[in-house]
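As they're listed, the protein sequences go chains Y and X. Position 467 of the first sequence, counted from 1, bears residue number 467 in this note's numbering, the numbering being contiguous throughout. Position 118 of the second sequence, counted from 1, bears residue number 118 in this note's numbering, the numbering being contiguous throughout.
Quick caveat, the hints were computed from the structure, so don't treat them as lab data. Be a bit skeptical, because a hint or two may be false.
Unchecked claim - One side only, chain X facing chain Y, incomplete, derived with CB under 8 Å:
#1 Met1
#2 Gly178
#3 Phe179
#4 Val185
C-beta: ideal position from N, C-alpha, C; glycine also.
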Amino acid sequence: MVFNSIAFLVFFILFFTLYWSVLNKNLKVQNLFLLAACYVFYAWVDWRFLFLLIANSTVNYFLGIYISKDADEKRRKILFYIGLIFGIGILLYFKYFNFFVSSVAGVFSILHINLNIHTIKILLPLGISFYTFRTLSYIIDIYQGKTKPVTDWVVFFSYVAFFPCVVSGPIDRANLLVPQLEKKRVFTYESGVDGIRQILWGLFKKIVIADTCAIISDQIFDHYQTLPGSTLFIGAFFFCVDLYADFSGYSDIAIGVARLLGFNVTRNFNYPYFAQNIPDYWRRWHISLTSWVTDYVFTPLSISLRDYAKWGTILAIILNMVIVGVWHGPNWTFVLYGFISGLYFIPLILMGTMNKRKKLDQNKLLPSFAVFKGILGTFLLTMLTDVIFRTRNVTEAFHFYARLFSGSIISRPVMHDNFYLCVVPFVTFMFAIEWVGKSEDVPIRFSKKVSPVVRYAIYFILFYSSIAFMTKSANSFIYFQF
Amino acid sequence: MKKFIKHFILTISIFWAISVLITVSIYTCFKRDFYANYEVNEIVIKQDVFAKSPAKINTIFLGGSQVYRQIIPSVFDSLTNNTSYNLGYPGLFFPRSYEALDEALKTKRAADIKNIFIELAPPDRMTFNYNNNPYVYSFDFKTYEQTISSCTSPNLDKKEKALTFGFWNVLLFYKYSGFAVSKYVNLLLHTNPVAQPDTLTETRYRKIVANNEGFVDLNTQKKQLNMGSKKIGELNAFKEEGLAIMKAMTARYPSTKPKPEKVNMFAQYIMDYATHLQQEGKNVYFIVGPRELTFVKYGLAQKRILVQHGFKVFDLSDPKLYPQFYSYDYSFDLLHLNYEGAVLYTQTIANLLKESNGQK
Numbered sequence: 001m002v003f004n005s006i007a008f009l010v011f012f013i014l015f016f017t018l019y020w021s022v023l024n025k026n027l028k029v030q031n032l033f034l035l036a037a038c039y040v041f042y043a044w045v046d047w048r049f050l051f052l053l054i055a056n057s058t059v060n061y062f063l064g065i066y067i068s069k070d071a072d073e074k075r076r077k078i079l080f081y082i083g084l085i086f087g088i089g090i091l092l093y094f095k096y097f098n099f100f101v102s103s104v105a106g107v108f109s110i111l112h113i114n115l116n117i118h119t120i121k122i123l124l125p126l127g128i129s130f131y132t133f134r135t136l137s138y139i140i141d142i143y144q145g146k147t148k149p150v151t152d153w154v155v156f157f158s159y160v161a162f163f164p165c166v167v168s169g170p171i172d173r174a175n176l177l178v179p180q181l182e183k184k185r186v187f188t189y190e191s192g193v194d195g196i197r198q199i200l201w202g203l204f205k206k207i208v209i210a211d212t213c214a215i216i217s218d219q220i221f222d223h224y225q226t227l228p229g230s231t232l233f234i235g236a237f238f239f240c241v242d243l244y245a246d247f248s249g250y251s252d253i254a255i256g257v258a259r260l261l262g263f264n265v266t267r268n269f270n271y272p273y274f275a276q277n278i279p280d281y282w283r284r285w286h287i288s289l290t291s292w293v294t295d296y297v298f299t300p301l302s303i304s305l306r307d308y309a310k311w312g313t314i315l316a317i318i319l320n321m322v323i324v325g326v327w328h329g330p331n332w333t334f335v336l337y338g339f340i341s342g343l344y345f346i347p348l349i350l351m352g353t354m355n356k357r358k359k360l361d362q363n364k365l366l367p368s369f370a371v372f373k374g375i376l377g378t379f380l381l382t383m384l385t386d387v388i389f390r391t392r393n394v395t396e397a398f399h400f401y402a403r404l405f406s407g408s409i410i411s412r413p414v415m416h417d418n419f420y421l422c423v424v425p426f427v428t429f430m431f432a433i434e435w436v437g438k439s440e441d442v443p444i445r446f447s448k449k450v451s452p453v454v455r456y457a458i459y460f461i462l463f464y465s466s467i468a469f470m471t472k473s474a475n476s477f478i479y480f481q482f
Numbered sequence: 001m002k003k004f005i006k007h008f009i010l011t012i013s014i015f016w017a018i019s020v021l022i023t024v025s026i027y028t029c030f031k032r033d034f035y036a037n038y039e040v041n042e043i044v045i046k047q048d049v050f051a052k053s054p055a056k057i058n059t060i061f062l063g064g065s066q067v068y069r070q071i072i073p074s075v076f077d078s079l080t081n082n083t084s085y086n087l088g089y090p091g092l093f094f095p096r097s098y099e100a101l102d103e104a105l106k107t108k109r110a111a112d113i114k115n116i117f118i119e120l121a122p123p124d125r126m127t128f129n130y131n132n133n134p135y136v137y138s139f140d141f142k143t144y145e146q147t148i149s150s151c152t153s154p155n156l157d158k159k160e161k162a163l164t165f166g167f168w169n170v171l172l173f174y175k176y177s178g179f180a181v182s183k184y185v186n187l188l189l190h191t192n193p194v195a196q197p198d199t200l201t202e203t204r205y206r207k208i209v210a211n212n213e214g215f216v217d218l219n220t221q222k223k224q225l226n227m228g229s230k231k232i233g234e235l236n237a238f239k240e241e242g243l244a245i246m247k248a249m250t251a252r253y254p255s256t257k258p259k260p261e262k263v264n265m266f267a268q269y270i271m272d273y274a275t276h277l278q279q280e281g282k283n284v285y286f287i288v289g290p291r292e293l294t295f296v297k298y299g300l301a302q303k304r305i306l307v308q309h310g311f312k313v314f315d316l317s318d319p320k321l322y323p324q325f326y327s328y329d330y331s332f333d334l335l336h337l338n339y340e341g342a343v344l345y346t347q348t349i350a351n352l353l354k355e356s357n358g359q360k
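Given the sequences, and given the hints that come with them, work out the whole structure.
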């Protein structure tokens, strides 16, 4: 079930009504109902994947209790490793098995050795990367004593399968979501309005920005061999916007839906295209994933590599970024995407400015030239890296770059049609609103300085344009595949 | 919670009302002839071939797949000394069939046309097609009234009524709540994303249409346009059960006369259209086709009204009079005749025309 569909609208209205009316009196019943709804939502796409989700929850539920209870350190360690192997194993099998097999065979074929091994047909369960990371962090935190085990199975299973976030994040930690599941939720007018605002903003980004930018970028990426560099530049720009609007749009809807149910979930995007350098960008982009990888991969790695000073940090960052890249999927393009993203950090590490945070002046309407230069430079770098994200393989990515940086980059762009004329004003509108509202986590939560007429006019534009651009078959979100 | 729900409903209602106002204003202010932009490629190709045909066409056939697959202009012409062209297409029912006729009559050919054959059928049910361009662009309140008025017919099955009522209302909501506005804006600004047309298929189709005066039998289409395996699967299933189905279809043919019905807006539209054509010196003939019993029932009811008002209706639906159209041997599938059946069907229409004109 996708958020931008009639099916979800009907499902959510029914769920919301029962959740806050009849079932609000008893927390256990309400949680049980939430769990049932989570499973209906998840099984809507393919009910077979539900078994894996339940199995994952069951194993981690018991492991969490036993790791915490057991006084014997050795046994605790064994249980912890079982949890890690189980989680990573599921991910490796369902997501990376064929990639690993074909890559090994490819390496041996270079050496003229035919391994005669075959890939197998494996269906990728929806949201596996998201809920596996959720359960992995739970097991690690319990082992490290950072969190207590969840003894109420309904709460734990609801945490793993929490429907607003199960298929595409944010990847919430247990210590954030579990306490909210354990106590009675209260609906407030303010949180309700905030939730609606965030959903409206998310729908606008998905339907009006992402789905329309995708039409343009798809046309260009699908015919890149015949198009000049200037057109490829436009294609890369629209894909970059598409990727952001698609994923952050989903996150906004997820956060808004959770808010309507009385939950606060992790913020996933903090206006990444206003970042002034690469570290700043990664602190703002897919925050729940980058903070997860930072906590569970980068920090332990950089501690173990601290003897190598800056070079240890560089190695840790590159490994960290490669994991972020590979998390997106079993393709060498994602490995390269992560690797290049990691390389971007090197100059800053060597200059010792990596952790220097550049804050935006919230009171200024226009950025200073230095700030603008930083934003533009960072945007261009990420835009160029996103090309690898979009292409089907590494060779295609290099061919794309070769055409992009050819002399034709200064030629007149060739467009199939004038559709971009319709899209550009909306993209500008989105960035303008985000710039003005950058001090808030939802840019359309306007301050009281903004008159109600302007506020409601903007809400209406978002509402009406979302309706106008909506297509019959709801387009799926890019991050569903991860 | 109450305050939140109250505010939410109020805001949505106001927004929705403004959406409707803006949408209606856009449609009213920017009325354009979008036909060529929205119509299905094949229909546009057929019309184009018709407009550019070197022959002096004086007879055209309009309707759904039974017209498209079963009326062979060359056979018809050899018997009636006319030059005809088949403008039928699968699912081409009211209102789009009459729009197709309008388009045909806009061409230079219009003055040459003397005979127009129109298949009788209920309005399009457009199942799940409510947001397709052809429906969205051509739809207006008048069309809505006409299609919904057809639901008052006592000769239309309850299921058909529900489908017709449901989908045309969904379209009404879809179009006038603003969901279709981007289609119009894109058309007006010429910013429609360009589809990559399969030019090879289009070229082949144009050739087939030109060689056969618009008639395309299913065997030809299957062979030359690589019809999907699903359709072929259906055909194999039909082979096994075809005889039994034909027998059951014959048995279920309406034995009693259709229930008397009032002239609703839909029937009135058809009569007004036909009268207008007659005033322009054209002969209008209606056809009630065989097999599809829902259409047969409705067609017979319409036939009754039309005959009462002096229009000519060729009824080919009765299995007692025309057992060949219910014969398994002449069937291609459940609803359509094969090539041999189509020859017989065309010959029958030609003979009825000659009979009607007092020729032998």
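Hint check:
no. : hint   : result
1   : Met1   : holds, 5 Å
2   : Gly178 : holds, 5 Å
3   : Phe179 : holds, 6 Å
4   : Val185 : holds, 7 Å
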